[in-house]
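**Student:** Same order as they appear, the protein sequences are chains R and V. Under the numbering used here, residues -19 to 311 are what the first sequence spells out, in order. Under the numbering used here, residues -19 to 311 are what the second sequence spells out, in order.
Accuracy of the hints is not assured; some may be wrong.
One copy or any two copies: either way a pair holds, since identical chains are not told apart in the list.
In silico DSSO-like pairs for lysine-lysine, Cα to Cα no more than 30 Å straight-line [stated by the list, open to error]:
#1 K10 <-> K249
#2 K217 <-> K249
#3 K311 <-> K226
#4 K249 <-> K0
#5 K258 <-> K226
The hints are simulated quantities; they were obtained by calculation from the structure and are not laboratory data. Remember, predicted model here, so these are calculated numbers, not experimental data.
Protein chains: 2
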Amino acid sequence: METIRASIIGFGAVGQGVAKVLLQKANYLKDIGIDLRVIAIVDSKGADIDTEGIDLSAALSRKRTDGRVGPNNITGLEVIRTIDHDLMIETTPTNIETGGVGLENMLAAFENGRDVVTSNKGPLALKYRELAEASRISGSTFRFEATVGGAMPIINLITDVLAGNNIISIEGILNGTCNYILTRMMDERASYEQMLAEAQELGIAETDPTYDVEGIDAACKLVILANAIFGMDATYKDVEVTGITKITPESLILAEDGGYVIKLICEVKKDLIRVAPKLVPNGHPLAVGGTLNVASVQTDLAGTVTITGRGAGSIETASAILSDIISIYRK
Amino acid sequence: METIRASIIGFGAVGQGVAKVLLQKANYLKDIGIDLRVIAIVDSKGADIDTEGIDLSAALSRKRTDGRVGPNNITGLEVIRTIDHDLMIETTPTNIETGGVGLENMLAAFENGRDVVTSNKGPLALKYRELAEASRISGSTFRFEATVGGAMPIINLITDVLAGNNIISIEGILNGTCNYILTRMMDERASYEQMLAEAQELGIAETDPTYDVEGIDAACKLVILANAIFGMDATYKDVEVTGITKITPESLILAEDGGYVIKLICEVKKDLIRVAPKLVPNGHPLAVGGTLNVASVQTDLAGTVTITGRGAGSIETASAILSDIISIYRK
Chain R
-19 METIRASIIG FGAVGQGVAK VLLQKANYLK DIGIDLRVIA IVDSKGADID TEGIDLSAAL
41 SRKRTDGRVG PNNITGLEVI RTIDHDLMIE TTPTNIETGG VGLENMLAAF ENGRDVVTSN
101 KGPLALKYRE LAEASRISGS TFRFEATVGG AMPIINLITD VLAGNNIISI EGILNGTCNY
161 ILTRMMDERA SYEQMLAEAQ ELGIAETDPT YDVEGIDAAC KLVILANAIF GMDATYKDVE
221 VTGITKITPE SLILAEDGGY VIKLICEVKK DLIRVAPKLV PNGHPLAVGG TLNVASVQTD
281 LAGTVTITGR GAGSIETASA ILSDIISIYR K
Chain V
-19 METIRASIIG FGAVGQGVAK VLLQKANYLK DIGIDLRVIA IVDSKGADID TEGIDLSAAL
41 SRKRTDGRVG PNNITGLEVI RTIDHDLMIE TTPTNIETGG VGLENMLAAF ENGRDVVTSN
101 KGPLALKYRE LAEASRISGS TFRFEATVGG AMPIINLITD VLAGNNIISI EGILNGTCNY
161 ILTRMMDERA SYEQMLAEAQ ELGIAETDPT YDVEGIDAAC KLVILANAIF GMDATYKDVE
221 VTGITKITPE SLILAEDGGY VIKLICEVKK DLIRVAPKLV PNGHPLAVGG TLNVASVQTD
281 LAGTVTITGR GAGSIETASA ILSDIISIYR K
């Protein structure tokens, strides 16, 4: 059995989700030949290091009681540079302005020959080419299913399951908050402001909802697909973006009368990367409600294949990270 | 580059689709390290053999003009038993009463150490355990994505992309003919008989529609999922089946008034394998119309993931066969 030594850099909701999932699936991983040992966990206040393999259950419980994972003062970058390991799991908070510490962590991991699996979309929405190139030069593997659509496995669906198909276009709903607000506006014949307030109360929208409702979060995810699937060299600033703040209940009712719903649709194909509200017919695979994410992939052989799943949630995101880990190390 | 020598046994619409797809994607396959040569093609009237690799374009054109692929009188079974090759692509017409020649072909392929990729659901709906066991004993690979849902990649989605997840249940629409008839009954406020006649005119339903409308075709596909994903040892006769012939336009209108559609839903989980009409809420991922197929997979980590695609079509089915071939031989 192959021993894989991993670090978890960032130990918020997603990082802790990864630890829980690795604990829960340790036997399964061994059954398929992967002995995965986490040798370092770093959060913003400290670190835990054990080159023999950290007790993940103890680490999770320390994080809960002490608010930090361990007493060690080493940073993520220092761990990546100085401690020998195979895989860096990057789950620090995202920064879409500069790429933040996540970008530095990923580049350092590649410089040191470590594989990278991440849920952190900021660095990929800004510097995808640079990261892909660094991974190529170092011969390391770079996987990022969790950056787009949480537990909706769109990237691995295309690269693994639809292998052999040319991808003509991708259309989808990549932001659960917007989908929730639009679905509820229609259900309740209510205004954008009313349903935003409801989403905020339920924790589905942030106090400052700008990134979600103006389509910026969706644009970040879309640009990752544009770069990874279509080989483009774009950043999220290259995306034509219209958000949902101007949509009225009247327009939703008009759409409904014609047999349509209005959804915030992300669209990428040759020469086009766009996020904008669009009419979708009832019964169409993209017409899913609630906080769901969905993506339709138009291919040359398989026709159009559509995948729907939960776009957020720490365990769901950790599941995407787990599937990336398995696809790298399963023999 | 690895040379893979393959036979295509059965050269109807799907077998010809496979030849077209292999022609179209030959360079792509070489790029990923697979030099696939078809050394035998067999149809019900003859065979073409060339151990150096058949010219697929010439074989397709012979089939079109002569109605048979070649003058050779060797049968599929003889090819499988006597000509050295790695992979048998089984695309003969399905037989769900006995498994037919497809069952014999697959068992013979395993006896001779050949991998099997197939779109032929009859043998798997009747004798899944026997086939899986024969494959295990011979050390050959057995893949059958194309048997369920055509180009909707449900099996590889679960086994590859959702690896690490426990599968709790699968629910879906696995028969495009029934979905078409139910969708059109609702659209037109028309009777089952009227919309069946329309589907028959369009070639979406067979002259004898029994297998489709009574739910038997769906039950065959469901039982393949039950066996392959849940490790059951069932045949399609173990499935509780209710078809769509008793559904009235009145019940569809009542459902619509309540915000629902009626769909023929296949369902498998521990202790249950059932095909029956069910109410599905509008906006739910299973509420897709037309001839589409759809499957929702409930998992322990990723939540519910739903995949939608074309359930039929020779190129779509060949695409599923291609993805199985790639997943076996890609390094």
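**Student:** Are there hints from earlier that the structure breaks, and if so, what are their numbers?
**Tutor:** Number 3 only.
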